[in-house]
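With chain H fixed as given, assemble chain A onto it according to the hints.
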Amino acid sequence: MIKAHQINYLHKDFHILEGVDVSLGYGEFLAIVGPNGAGKSSLLSVLANEIKQGKQEILFKEKSISNWEVKILSQHKSKFSQHNSNEIPLDVKDVVMMGRYPYFDSQPHKEDLEATNKMMYETDIFHLKDREYNTLSGGEKQRVHLSRVMAQLENEIAHKLVFLDEPLNNLDIKHQYKALEIIKKFTKKANSAIVVLHDLNLAAQFADKILLMKSGKVSAYGTPQEVFTAETISQAYNFPCTICGHPITNNPMIIFG
Amino acid sequence: MRTQSKLYFYLTIGAVLLAIIAVLALNTGVYDFGGTSPFKVLWQFIKGDPGLSLSDQYVIWDVRASRIIMAILIGSMLAVSGTSLQGLFKNPLATGEAIGLTSGATLLAAIAIVLGGHFKQYLPEVVQFSLVGISAFLGALSAMMLVYRISTSAGKTNVVMMLLSGVAITSIGFSITGFLIYISKDEQLRDLTFWNMGSLAAATWTKNIVLAVVIVISYAILLPKGKALNAMMLGERDAQHLGINVEKLKKQIVIITSLMVGTCVAFSGTIGFVGLIVPYILRLLFKSNYVFILPLSAVLGSILLLIADTFSRSIVAPSELPIGILTSLIGGPVFIAILIKFKKSL
Chain H
0 MIKAHQINYL HKDFHILEGV DVSLGYGEFL AIVGPNGAGK SSLLSVLANE
50 IKQGKQEILF KEKSISNWEV KILSQHKSKF SQHNSNEIPL DVKDVVMMGR
100 YPYFDSQPHK EDLEATNKMM YETDIFHLKD REYNTLSGGE KQRVHLSRVM
150 AQLENEIAHK LVFLDEPLNN LDIKHQYKAL EIIKKFTKKA NSAIVVLHDL
200 NLAAQFADKI LLMKSGKVSA YGTPQEVFTA ETISQAYNFP CTICGHPITN
250 NPMIIFG
Chain A
0 MRTQSKLYFY LTIGAVLLAI IAVLALNTGV YDFGGTSPFK VLWQFIKGDP
50 GLSLSDQYVI WDVRASRIIM AILIGSMLAV SGTSLQGLFK NPLATGEAIG
100 LTSGATLLAA IAIVLGGHFK QYLPEVVQFS LVGISAFLGA LSAMMLVYRI
150 STSAGKTNVV MMLLSGVAIT SIGFSITGFL IYISKDEQLR DLTFWNMGSL
200 AAATWTKNIV LAVVIVISYA ILLPKGKALN AMMLGERDAQ HLGINVEKLK
250 KQIVIITSLM VGTCVAFSGT IGFVGLIVPY ILRLLFKSNY VFILPLSAVL
300 GSILLLIADT FSRSIVAPSE LPIGILTSLI GGPVFIAILI KFKKSL
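As they're listed, the protein sequences go chains H and A. Residue numbers for the first sequence, in numbering that gives the first Met the number 0: 0 to 256. Residue numbers for the second sequence, in numbering that gives the first Met the number 0: 0 to 345.
Please keep in mind that the hints were generated in silico from the structure rather than gathered at the bench. All of these numbers come straight from a predicted model, not from anything done at the bench. Heads up, the beta-carbon is just placed ideally off N, CA and C, and yes, glycines get one too. Check the hints yourself; a few may be wrong.
Unchecked claim - Calculated Cβ distances over 10 Å to all of chain H for the following chain A residues:
no. : residue
1   : A21
2   : Y57
3   : G115
4   : S164
5   : N207
6   : I216
7   : L233
8   : R236
9   : K250
10  : R282
11  : N288
12  : V333
Unchecked claim - To give an idea of the chain H side of the interface with chain A (calculated C-beta under 7 Å), a few residues:
no. : residue
13  : I64
14  : N66
15  : V69
16  : K78
17  : S80
18  : Q81
19  : P88
20  : M97
21  : Y100
22  : P101
23  : S105
Next comes chain H alone, as it looks inside the complex (with noise of 0.2 Å):
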């Protein structure tokens, strides 16, 4: 799906990401986790083609991301930023409606129509879409986006990615657990996510695999079991921690302090 060897960054001598390796295969589900600073945002800022860097080639679907055109690469892959506009003077309808700019030129098609319709009912926020989006709550803003973002890749085409930077921001228990279940729904069609997560302990339960990131390198790489362990976690968030099973998924599971 997407290959990246060696991702370097620099700002201003500062080296925000090191020697970073990224592989992701088709159907996976991805978390980036790690403390603050780590690097996680420019990670996937550099993976989504919004940061031009130098050498490094990023390989999507094996043809480099920075050859494929605008506009078809936008059915391939959206993504979802972490500081979403607070004044856009536009109904909520309209907004998700972005979401299908590349699929229609001045009149929405139905199908268009159906996949932001679709969207805004899995994320809970259709009784909003004739409200004005200026006039929505932070979690609500964060949920027409999420929408925005996945209505983007309501396609035929086989093998989409979407990336997310901490799409869990502002919501509350109920919609967190559904924006994960909408995001591991379109994995399980072969599709791949790539997603920068804060709750370890909802990474450990959706993710395939994570990235475990401090300054600006990987320190683990593997499924949640594997990174996962009491010595890894505590020694990169620089805070003690204990595993124990999950009781029903037997996941593992992070109880800090």
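Then chain A, alone, in the frame of chain H:
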């Protein structure tokens, strides 16, 4: 209603309204056609009636009709350039006047008028002929690039920086234009005063043809950009993820709005605030949905400027009021209204 048919519905209403106002404007004026109605005279002219007196012909066709068409073309371009600038800067306060675009154009046009005589003979003939227009375009373009460089970094626009750099450019323009007025000869002085006030009195059909060419090219590129400007509200990076070539879009808007503002300034001087008032009214009706407000501002701009021009030439008849005074009179309060509305977010 479907988006597209809703848009066409409003566009049709706008066009009908514009036609009605144009008819009224044709009927307004000091000249007396000897009892016959101006419409009849116009019809006679179009048919090529040999009985029509030369002065009647001149007033109906070369004065009134050409002036009405010029008001329609210039109003439309000023409004669309304002709306596109607001899309580019993601802010309803961005207009040619506020960010110094108009000053830049006026400044270089003034230089061309006053100093043009000294270097004109060294230029190729085509350039000589359209020296003022080309200078106005270059002035607008350089002001635009300067403001954009200063106010935008990493895809985000700093509104305060945008407005302040506009203030700086305007004051440079003001002082140099003032100096040019000081050193200019009588005839040049008259030209310069016309620039600063703005007027459609110099309308001719040649100018209208040039304006029409500019408008067709500009609108072919800009008007379909409604979706892209909507996406820009998400931020430039997210717009890119939606398949929009942001760098290309920005370049197109910078060049085309400079071209439109430059042409308008070259032909009619500084007619301020049309690009502010029109999108403001449309935003009250359609929020910030550029799919609607971009094409509709093309029609509403024409309506607004045609009304203003008809007023300006009839309110103190037989003399006329510079139209820039009227548009600024409406524009100032609108600017303040927007400021108050955005007080918190600025």
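Going through the hints against the structure:
no., hint, result
1, A21, "28 Å, holds"
2, Y57, "44 Å, holds"
3, G115, "44 Å, holds"
4, S164, "21 Å, holds"
5, N207, "29 Å, holds"
6, I216, "20 Å, holds"
7, L233, "6 Å, violated"
8, R236, "5 Å, violated"
9, K250, "15 Å, holds"
10, R282, "7 Å, violated"
11, N288, "6 Å, violated"
12, V333, "16 Å, holds"
13, I64, "12 Å, violated"
14, N66, "14 Å, violated"
15, V69, "5 Å, holds"
16, K78, "5 Å, holds"
17, S80, "6 Å, holds"
18, Q81, "11 Å, violated"
19, P88, "4 Å, holds"
20, M97, "6 Å, holds"
21, Y100, "5 Å, holds"
22, P101, "4 Å, holds"
23, S105, "6 Å, holds"
Comparing the model with each earlier hint shows violations of hints 7, 8, 10, 11, 13, 14 and 18; every other hint is respected.
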